[in-house]
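Asker: Each chain, letter by letter, is given below.
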Amino acid sequence: MSLKAFHILFICVSILLALGFGAWEIRAFAQAGATSDILLGVFSWAAGVALSFYLRRVIKKLKNISSL
Amino acid sequence: MEIPYTVEPRPDTGLFNAKVGIWLFLASEVMLFGALFSSYIMLRVGSDVWPHGMLNVPIGTLNTIVLITSSITVVMAWASLKLKAFGKFKLYQGCTVLLAMTFVIIKSYEYHDKFTHYFVRYSAGSEVKELTGHIEGSPMNWTLATLNNPTRPISEIRIHPDVASGEHGHDSGAAHPEVITVPTKQIKKLESFGPWHLTYLAIYFTLTGLHALHVIGGALVIGYFWGPGSRMWYSDPERFTNRVEVAGLFWHFVDLVWIFLFPVLYLL
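Going down the list, the sequences are from chains V and Z.
First residue of the first sequence: 1, per this note's numbering; consecutive thereafter.
First residue of the second sequence: 69, per this note's numbering; consecutive thereafter.
Please note that the accuracy of each hint is not assured.
As the list claims (entries may be wrong) - Simulated crosslink set (DSSO-like; lysine-lysine; CA at most 30 Å straight-line):
no., chain 1, residue 1, chain 2, residue 2
1, V, K61, Z, K156
2, Z, K257, V, K61
3, Z, K158, V, K63
Derived from the structure by calculation, the hints contain no laboratory data.
Generate coordinates for the entire structure from the input sequences, incorporating the hints supplied.
Answerer: Set out below in structure tokens:
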């Protein structure tokens, strides 16, 4: 597996973490009502979306490099 | 003598040798961290109570952002070499080293906060009280023996008790404005939040300490390729590009370990 393939895998896992962490923070906000929770939750989801766009860009840009 | 298969793929594996080598090494690393994660699961499952909210989630989040960003810069550096843009490689590789140092500094801050955070049990009249908080002056890792040191005895400690922390630890370690003074002779137990204090902290320090060592090791290698090692670019650019890729693979592994460590230790 090349760095390209490992990077794509890593970004996929990071997107899952960002979305999961966002959900965890929103749940924390629903329970405790702390502003920091909602801010972190929204930020995390935004980061997940941003990483998704980045992933598309990386796949496009590095398409000529082998995944092996 | 020329070392074979540093650039061209070896016929039987289809890969250059360093790539096979790093994957074999990473396989051993998976076993190492896998064993520690398994230990964590066994300790947690076997425990009646497991602490929550002991770590600062925003700081852990910041460190996660730092490592994800560093994985992007390490790929940018490698891609720059593929595009023969050595100047850009230097920029991205330098950024990766700086991000690695940022991670270690933030982690040190977290460690410092734990070693200056105390559990105190003391007698107040007929009852025994317990509290957690920071001792004034933020001394590191004091024990009852430190207070009763015959050469430098300390008659009392002033503690900033913790605010009752929320479930998710955002207020963990935050100081209460009311300071409590406890005379040394009333103190039964004084212990910092080091690995000896709780099983949770023991596994926390073991996992994050080992991970931090990997970050430091990776940063040294990446720093070498950014600095003196980059001379190879002028004599053997393809081999140098392969070296950078191999370092990048290790770096991604280290980052991936953190992606699992963060939710396991900070959130769950």
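Asker: Take the hints in turn and mark each one as holding or not.
Answerer: Taking the hints in turn, this is what the structure says about them:
At most 30 Å may separate the alpha-carbon atoms for a hinted pair to count; K61/V and K156/Z meet this at roughly 16 Å. Restraint check: the Cα-Cα separation between K257/Z and K61/V comes to about 60 Å, which exceeds 30 Å; the hinted pair is violated. For the hint linking K158/Z to K63/V, the alpha-carbon distance of about 23 Å falls within 30 Å, and the restraint holds.
Hint 2 from the earlier list is the only one contradicted by this structure; the remaining hints agree with it.
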